[in-house]
Structure formats: structure tokens, C-alpha cells
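Chains E and X supply the protein sequences, listed in that same order.
Here the first sequence stands for residues 1 to 85, where the numbers follow the numbering used here.
Here the second sequence stands for residues 1 to 127, where the numbers follow the numbering used here.
Keep in mind the hints are simulated off the structure, nothing from the lab.
Careful, some of the hints might be misleading.
Residues from chain X that face chain E, not an exhaustive set, calculated with beta carbons under 7 angstroms [claimed, not checked]:
hint	residue
1	Leu13
2	Thr17
3	Val24
4	Ile71
5	Ala85
6	Arg92
Using C-beta positions, here's what the derived DEER-type ranges look like [said to hold, decoys possible]:
hint	chain 1	residue 1	chain 2	residue 2	range
7	X	Phe63	E	Val65	17 to 25 angstroms
8	X	Leu76	E	Val10	22 to 30 angstroms
9	E	Leu40	X	Arg111	40 to 48 angstroms
10	E	Gln50	X	Arg111	50 to 58 angstroms
11	X	Gln94	E	Leu72	17 to 25 angstroms
12	E	Ile21	X	Phe74	22 to 30 angstroms
13	X	Leu8	E	Leu83	43 to 51 angstroms
14	E	Asp70	X	Glu117	32 to 40 angstroms
15	E	Val22	X	His6	38 to 46 angstroms
16	X	Arg88	E	Arg52	37 to 45 angstroms
17	X	Val7	E	Arg80	44 to 52 angstroms
18	X	Phe74	E	Leu53	17 to 25 angstroms
19	X	Asp103	E	Gln50	41 to 49 angstroms
20	X	Arg111	E	Ile73	24 to 32 angstroms
Each residue gets a CB set at the ideal place from its N, CA and C atoms; glycine is no exception.
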Amino acid sequence: MIFVAAGILVIASVACFYRVIVGPTAPDRLVAVDAISLFLALTMVLLAYQYRLAPLYDVALVYAVLQFADILIVAKYIERGELHL
Amino acid sequence: MTVVQHVLAGLALLGGTFFCVSAVIGVLRFPDLYTRLHATTKGVTAGSLLLLAGVAILEADFFVVGKLFIIGLFFLVTNPIATHAIARAACREQLCEPQVIVDEYQEYLDRLREEEEGGLEYRSDHW
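The shape of chain E in the complex, shown without the other chains:
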């Protein structure tokens, strides 16, 4: 059950990578990267349950935080052309 859901998520990530490659503009690619990173965090949660790895939940949480910061920074870079951090 868990393996089926994780496998479907991995296949969905690979399918989403098509949009990263051929996306016409930069925000299209950013949308696809956002979806892929969320799928990766969800796969981490599923595998943490399957393999009884409790620290992997923390890894998924930190990954979600860093992914959010990443998306915001790249969106700001697209908007202004440079970073004012």
C-alpha cells in the first residue's frame, strides 16, 4: 500500500520533470519544481513509515521549510532580476 503510493508519487515526479525541461517560461518551470519538491517530501514521509525510520519525518519537515524558502527566493529573482536579500 505504502509502496504503491510512493511509486505513484515518484512516477508523478518524473512526469512533472517534463514541464521543467520544456516549460516555455521560467515560472512554468518553477511551478513544476514546486510540485516535484512537495512530492519528494511526501515520499520521505511514506518511506519513513514503511522502513520505521523516525528521523526521516524531521528530514521531511526541514525539507519542506527549505523548499518554501527556495521557491520564494527564485520567484523574487524572476520578479526583479536580482536578489536584494
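Start from chain E and add chain X according to the hints.
Okay, now just chain X, sitting in the frame of chain E:
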């Protein structure tokens, strides 16, 4: 107990994967940036919440369920913010112009620019 647990978790996992797959189909098939944003945000948010709920049903530990709840709450808060940042960047850079019919944010920006060029008296009249 455990049979009910497994059936509920299976239903939640099934719904979560369904929403994630429909979000990916939307990303691949929709013609426009904003429609893609629409598909991926709602689909991935609902799918991630359902998947986390499924794992939380299977996992009976209190701390792990709390951790999953925090992850779900974080997804629920940050996903619309990231989507809004992407849409704002695309709208400001006019990267997605041809298929947009009504663009009120661009009209607002134009009006703001006119006010800045027009000087102080126009702004005081306007407000």
C-alpha cells in the same frame, strides 16, 4: 481496530495519490501558466494533506502524529504563499500576457505609475 485503521488509511492514501496525479496531469496538459498554478496548488495541497492523514492513521504514536500535523499545517500555510509569489512575479514581468483577458493588477500598476509621474496634486485629488 486494525482492520478499520487499514481501510481508512488505504482510502486516504488512494485519495491523496489521486489528487497528486490529477495535479501532475494539470501541470502537463493545461495551456497557460495561471491554469497550471491553479491545478498544481490545489491538487498538491489536498493530496499532501490526505497522504499525511493516511500515514497518521497508520502510525499510532502520539509524537509522530503531532509531527505529521505540523508538516500538514506547514504545507497548508506555505503552499498558497509560494503560488502567490510565482503568480506575482509572472504578472509583473508580463511573462504570460497573450491568454489573459482581464489584468487588473497591471491596470493598478499603470495607475500607480501615472500617479507618480503626475505629481502631488493629482494624488491628493485622488485620495
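Between E/Val22 and X/His6, does the beta-carbon spacing fit 38 to 46 angstroms?
holds, 40 angstroms
Verdict for X/Arg88, E/Arg52 (Cβ pair) under range 37 to 45 angstroms
42 angstroms Cβ-Cβ, so the 37 to 45 angstroms window holds.
17 to 25 angstroms was suggested as the range; check whether the CB atoms of X/Phe63 and E/Val65 agree with it.
At 19 angstroms between Cβs, range holds.
So the hint says 24 to 32 angstroms: do the beta-carbon atoms of X/Arg111 and E/Ile73 match that?
holds, 29 angstroms
Regarding E/Leu40 and X/Arg111, is the given constraint of 40 to 48 angstroms on their beta-carbon distance met?
holds, 42 angstroms
With a cut-off of 7 angstroms on the beta carbons, see whether X/Arg92 makes it to chain E.
Holds. Min distance 5 angstroms.
Per-residue hint verdict: X/Leu13, partner chain E, C-beta under 7 angstroms
holds, 5 angstroms
Go through the hint on X/Thr17 and say holds or violated, using the shortest Cβ distance to chain E against 7 angstroms.
For X/Thr17, the interface hint holds, since the closest Cβ of chain E sits about 5 angstroms away, which is under 7 angstroms.
Starting from the hint 41 to 49 angstroms, judge whether the C-beta atoms of X/Asp103 and E/Gln50 obey it.
holds, 47 angstroms
Note whether the CB distance of X/Leu8 and E/Leu83 lies within 43 to 51 angstroms or breaks it.
With Cβ atoms ~46 angstroms apart, the hint holds.
Range hint 44 to 52 angstroms (beta carbons of X/Val7 and E/Arg80) holds or violated:
holds, 51 angstroms
Given the hint of 22 to 30 angstroms, is the C-beta distance from E/Ile21 to X/Phe74 inside that range or not?
holds, 29 angstroms
Violated hints: none; the structure is consistent with every hint.
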